[in-house]
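All chains, please: the whole structure from these sequences, using the hints.
In case you want the letters, here they are:
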Amino acid sequence: MSNRRHILNADAFDQLFDALRDAGYTTVGPTLHDGAIVYDALTCAADLPVGWIDVQEAGRYAVQDTGSGRYFDYTVGPHTWKRFLRPPREPLFEAIRSGAGVAFHAAAAPEETYALMGVRACDLAALGVLDAVLTGQTYVDTRYATRRSRAFVVAVQCARAGNTCFCVSMNTGPRASAGFDLALTELKDAGRHVFVVEVGSPRGATIAAALGLRDSTEEDWAAARAVSAATAANMGRQLDTTGLVSLLQQEAENPLWNDIAQRCLACANCTMVCPTCFCTTVEIDSDLEQTRASHTQVSDSCFHASFTQMHGGPPVRDTTSARYRQWLTHKLSTWHDQFGHSGCVGCGRCVTWCPVGIDLTAEAARLRASHEERA
Amino acid sequence: MTTRLKLAVWKFASCDGCQLQILDCEDELLVLAEVVDIAYFKEATRHEDPGPYDLSLVEGSITTAHDAERIRQVRAQSRILVTIGACATSGGIQALKNFDDVAVYKSIVYATPAYVSSLATSTPIADHVTVDYAIPGCPIDKTMLLRFLSALLAGRKPDIPTHTACVACKHSGVACLMVRGIPCMGPVTRAGCDALCPKFARGCFGCFGPSETANVDALIAQWREMGVDEATIMRAFHTFQAWAPPFRQVGDVVKSQTSPSRGASQGQGRQGHD
Ligand code: SF4
Ligand code: SF4
Ligand code: SF4
Ligand code: SF4
Ligand code: SF4
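Residue numbers (this note's numbering), protein chains in the order written: chain D, 1 to 375; chain U, 1001 to 1274.
No lab work stands behind these hints: they were computed from the structure. For every residue, glycine included, the Cβ atom is placed at its ideal position computed from N, Cα and C. All the given hints hold, so there is nothing to weed out.
Example chain U residues on the side facing chain D (calculated, C-beta under 7 Å, incomplete): (1) Val1035; (2) Ser1150; (3) Ala1154; (4) Thr1164; (5) Arg1180; (6) Glu1212.
In structure tokens:
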């Protein structure tokens, strides 16, 4: 494609929302709700948290109104796009007794067609990770696959890194270069407020054609790149991934796991807020008359005792120490063995949203230091 | 089904709130009365059929010598015995007396303390007889109860969650209150209420009791860091589930810190709970 970069004036931003609606999409994205920036349905640009930023630290989160008038100066919050593409509860099937037999009815196929507004580079990478897990293996999560293939992705190139962000370490951001339909870089200075719009797919080109776009100049593109360079230079966290895959497996018996378990609540928040955690269990319900039974897929966590409960005996991972080790090593190490890449994209959510502020980057660094001390 | 499951509902020291949850199953109540034989349920009907019973739901804790004997009789007549609610499962709010000298309270509260004949403690049913299943909550959640009964009727292992309240909280999309500076007991509390309080921006009160891994020390350490004072910390653990380990150990700290002066006068005795 020859001219894939354009300029959209911020005061015409609603055109994008209108074009998406006209194309049949339900737009979902960041909005301010009860003191946090969450993902919910959006109808126009004013539904975005205009001028707001988030202030994040391990175990701490707050929002602030800066009055900047900028649309996307916060980073990622408590929600992930899983909320829409793979909701925490998914109906699987119903079995209905009829006479002497039982009739099985698969749950109706999902109908939602989402436009995801404001997907950051880390989260775009997370969608790639989920694609590999849920659609790239023998068993495909068809409900996810259906919603995902329909979803229109509007990426936003981060202009600000949060204190718990470490996409640079994970090589996932802050600039998204592929995997989106459209990508926006917000530029605002005294003279102008515009978006540099990158077109990433034919579907994106169709929507772009419905907007009043101008061609971008080399200077615009340079300014957009500079935004990402500045963000990259301001990562809140770092994670040294050199040799981490084997290092963590060698440290399976390190006493540090017990030290972490002293602080860890095994509350499962880290797994629930992680954009790539995919584990589920199945909940069975039946009615009192025993005429109907249903199976529901429910998002689960390796922090639960039931997660490794076998017939008879205690759970295989019987301690918080073993469960935290599973979480951290799965994300940073065994995910590579299983899927050929990292299970962590560096979004920092697990760090921010751990109620006691346990920081995966700090714990990995401590394990590395302990490993190197003995080497 | 040839024979209907014969159900009995028993009350011990309790507020009746859990039995009310059964009656509150409005849409399902008629069906329930069809699929089980309600043989004994005083809150609902004067009618009573003699035992034995297939299923006994037991509400309330043991606070008198008479009840300590009565629960043995209930057990002897019941094939499956299930405790419903915090009182039956962990002693209830009345187990606060376990931390203190009841004689002092009796002398303050009652004109004629001699009329009151009760044990020094409020103890869970499982301290007295074998319990087959425990349904937590203050009060229990009617959906959990119906799911339990449906599973039992279908011959399926009932699934009563033991993980934390945080899970339902995350499923519902609440941005964690703890992380936003509001103390919450969710990370040490069992699921079951569907994160009712966090959904209304109130920290979890711990009605469903300790979760499977309740790391009370770690939560308290974090609350202190958030600036929560000792009295508030102690009071939080000193409610409906005060006698359930490990919340009970937090209660011991309360006792050691406040006991010498407590109960000395009515005013002082009440201060800690106002
Ligand atoms: S981790 Fe990177 S891509 Fe993700 S929000 Fe932070 S800066 Fe943006
Ligand atoms: S690391 Fe934090 S969020 Fe994860 S289970 Fe432990 S306490 Fe909960
Ligand atoms: S492990 Fe933590 S930082 Fe990595 S992707 Fe998951 S939530 Fe984000
Ligand atoms: S970290 Fe735990 S919950 Fe997340 S994908 Fe791995 S095993 Fe599943
Ligand atoms: S608000 Fe409470 S229940 Fe919800 S995740 Fe946070 S600590 Fe857990």
